[in-house]
Amino acid sequence: MAALVESWSWFTALAVGVSLFKCLFINAYHSTDFEVHRNWLAITHSLPLSRWYHENSSEWTLDYPPLFAWLERGLAQAARRWDGDMLRLDNLNYASPATVLFQRLSVVCTDLLFIYAARECCRCIQVQKAPQDVLSRPSFVLAVLLLWNFGLLIVDHIHFQYNGFLFGFLLLSVARHLQSRHLQGALLFAMLLNLKHIFLYVAPAYGIFLLRSYCFTLDQPDGSIKWSSFSPLRLLALGGIVVSVFALSFGPFVAMGQLSQVVSRLFPFRRGLCHAYWAPNAWALYSGADKALAVLGVRLKLLQGAELPRAAMTGGLVQEVQHAVLPSVPPAATLLCTLLAVLPALFSIWRRRRGNRAFLRCLLLCALASFLFGWHVHEKAILLAVLPLSILAVENREDAGIFLVLSTTGHYSLFPLLFTPAEMIIKVCLMLMFTIYSFTALGNLHRSQGSLLRPMEVAYLLGLVAVAISCEFVFPLSPWRQKLPFLPLLATSVYCAVGVSYSFLRLYATLLRSNDKHKQL
Amino acid sequence: MQTWSLVSISVLLAVLVRWGVSLNSYSGAGKPPMFGDYEAQRHWQEVTYNLPLQQYFNTSDNDLNYWGLDYPPLTAYHSWLCAYVANILNPDWVELHKSRGYESPAHKLFMRTTVLVTDVLIYIPAVVLYCLYLTDGSAKRKVSILLSILLYPGLILIDYGHFHLGFALWGVLALGLGWNSLGSLAFSLALNYKQMELYHALPFFCYLLGKCIKAGLIGRGFILLVKITATVLVTFGLCWLPFLPDPSQVLQVVRRIFPVDRGLFEDKVANTWCSLNSVIKIRSILTSDSQLYLSLAFTLLAAIPSSIRLLMKPTFWNFKLALINSSLAFFLFSYQVHEKSILLAALPVCLLLNEFPLMCIWFLQASTFSMLPLFLKDGLLVPYTVTFLGFPFLTVYLLSALDDCSEDELKLGIYGKLFSFLPKIHLACIIKWKFYISMALMAVLSILCVAMDPPPHLPDLFPVLVSTTAFMHFLGVFLHFNIVQFMDPPRKKSRKKNN
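Protein sequences appear in the order of chains Y and L. Using the working numbering, read the first sequence as starting at 4 and increasing by one per residue. Using the working numbering, read the second sequence as starting at 55 and increasing by one per residue.
To be clear, the hints were calculated from the coordinates, so they are not data collected in a lab. There may be inaccurate statements among the hints.
[What the hints assert, rightly or not] Heads up, incomplete: computed chain Y residues facing chain L, CB under 10 angstroms, no partners named:
#1 SER12
#2 TRP13
#3 THR15
#4 VAL19
#5 PHE24
#6 PHE28
#7 ALA31
#8 GLU58
#9 VAL137
#10 PRO424
#11 THR443
#12 GLU475
#13 PHE478
[Unchecked claim] Sample of chain L residues lacking proximity to chain Y, with all beta carbon distances greater than 10 angstroms (derived):
#14 VAL69
#15 TRP73
#16 GLY74
#17 VAL75
#18 LEU77
#19 ASN78
#20 TYR103
#21 GLN109
#22 GLU149
#23 VAL169
#24 LEU236
#25 GLN249
#26 VAL333
#27 VAL518
All figures in this text were calculated on a predicted structure; none of them were measured in a lab. The beta-carbon is built from N, C-alpha and C at its ideal position, and this holds for glycine as well.
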């Protein structure tokens, strides 16, 4: 464990600094998510429980699990003293200065949980010896990578969401597991699932790991399962925690017979395969290939241009889509692909007791697999992989290299979220800041073992810069702006998807390769 | 970590903080008919772009009562440059007469961008070079100083009109590196940008003159004197070239730049006359002329000692101290001082952050606080709160200002001799507690200004309280730095690497 006799004043400085920094962007652009949350404040405050999941006078219906609705209810109590008008249901798109201030400050305050979780993660870092210089310590680097993460700052404090709060739960749960306090970790994860159900994607990792490493207390000499060491008590404890959390959350709705309504709100499968802005995942590559083949086919006179479906996918709207050349992809296929992608990882932590770090790797792989193959994935979901990977990156050289590729690519793919001219400087400067820091700090940490990136990766990242410059500056001034307005988005998605897939494969390799090593990682 | 990465991260952070603050409202937003400083800047672009040079400062097609140009020619040329770009982007922004009061999001973006670009091109490089080459200490210490200077709230919250400080800083930088002609060139440019740079003129003059005298008035010193004089004259000549042919033009410009028919002070500013006025109504007792002479006399009296000391001993250390003392003397006693003029004193104080961290942070915080009524008028409450809280916290942490109190003791040796009956160890404690109390007082007054309405029979109560408190701080700092200038400079000792 890291030296206990050290002062954490630098952590306080970082935390206070970033919180004050976030307050500077209160008046920046905010997306429709702002109105979404204001509407939810109104719904949970003005309506009785039975109407929460039925209310649809606004298009932004409640589609998060009940615990989050209770959080909004709590915030609404505070909102009452700020500006009661924001709690009126009919007050659509109400954005008075007081409302904006309140909502922005609520995000900054809920981020306190994330700050606490980051501190717990910093405590878990294992180092041989802590260097004297604060800037070179792994815990300091991790704190900066987590607290000043570009993605979180952009998505939470400008675009507007509560991801910091939610990732606080995730990171805290991970930290507890790394500290081998598994029951607390399970409790936190159960609560997280009831706050935002997207984290179901990483539930298999939790399930398999807890079942294998917590419920089975002993191993055979070669490391595989000793079936006789199964502890029903532990299983009951885990089960009890999870069931009680779910009962608290969904119980009232089950009692009112609204469970199916709630579920249909939580899992709307009517939306399209790709989100409006094309998250850089495997389906982006698939759709990109489809488009390319279609264009090629028309050029080579193999296909009739009139027969092809209109260019709906790049229309920027959220609809059901049809692919032109390659077969269309139904939701069930995406689920199958995700499961297939995740199974080897789950199997590897089931076969032998692998330790807490392997659990973290498996969690990462589940998150990335679901990002790559999931249905209607939003590009913000890349943060689900980038943040936990930071923990591994400060300890391990190879993970640091993967982190650099994944974080740079993933963060760049968030650029289309902030498209207003006033925010251009913010996103460019913040991205530069984070990228310079992550490259130099991680390079410094692992400098004794050579350079972090392979030449191919360096070339890829330089290509990313070229893509960025052409999309942001060259393309708007070029003649194709009218004819192909979504070309930059397509180019960004496809190029980033290559990087994300590459990181996925490398992470898989590190998990499976250390299969042979039998020590605690 | 490498210095270049730390420096670039600090610069990027400074740019982000500036841009974040600029997302807020600007002075005079939505307030016809006169609006505010923002409209003044836009109007100058309109006038300089559309009218011939000779009419910039005249009443002609140019209505001088509506934000007439009252800064030297370089400001006019800078406005012309911005107007040239503005015209390419959208001619509506600078159309003569018709564009008065023009406000739009795109225009605001343009104006903010011009400010940011000028800052990044002139001010920030000067600060970076100063911290890297003219500051002692480890690389981390230098970067901490860099970050502290760049995050000084005063310059961030005041959105316009401080590019002259960038030029002045280049002047100081050049003189520090021993390039006398370049330094005088930069300072002349600064002076031609805003006449308020006269606050710094005395130290520059005395320093350069002192250097010439030291190098021997016959020989090298004389050549140096000639070079510097030539540089200054040529610079002034080039800037005023369009107006030189007609002497009445020159006089008109001078009359616009130095409006001596205004009063001793306007609004509530944290200097002696305004604070004195709450006790003795000077403005009503003395005539306008005698007010002018009184302030002139006191200003010179306050500024002369440090300048003479600089003339005797022209070292760079003395130069920096003289800059502070002179600008503070002018601020405290001069005629028609604006609240923003405290920035002229704040810049040299920033340069001494390395040697006197606590005192400088204290002063910089007080200077931001003194401009609070201005910020409230411009709708900058949230950025003010953020920077008011963030600046002292971060700088005290980065520079370990409160740990070094014992070192202050050594510089306060003379106080020790005066108060030799007090046990020495208490001096550091006293100073720490004074710092805390002062911060708390400023915070409380800020909250009062915002949250409460003043009693009806004292409508100006809060601005007066703010300016008087700030005045006490400034007076204290003025006296302190004067005393320091007359003592020996600190020995250059290696700082403990405890950061």
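Which numbered conditions among the earlier hints are violated in the structure presented, ordered from lowest to highest? Violated hints: 8, 12, 13, 14, 15, 16, 17, 18 and 19; rest satisfied.
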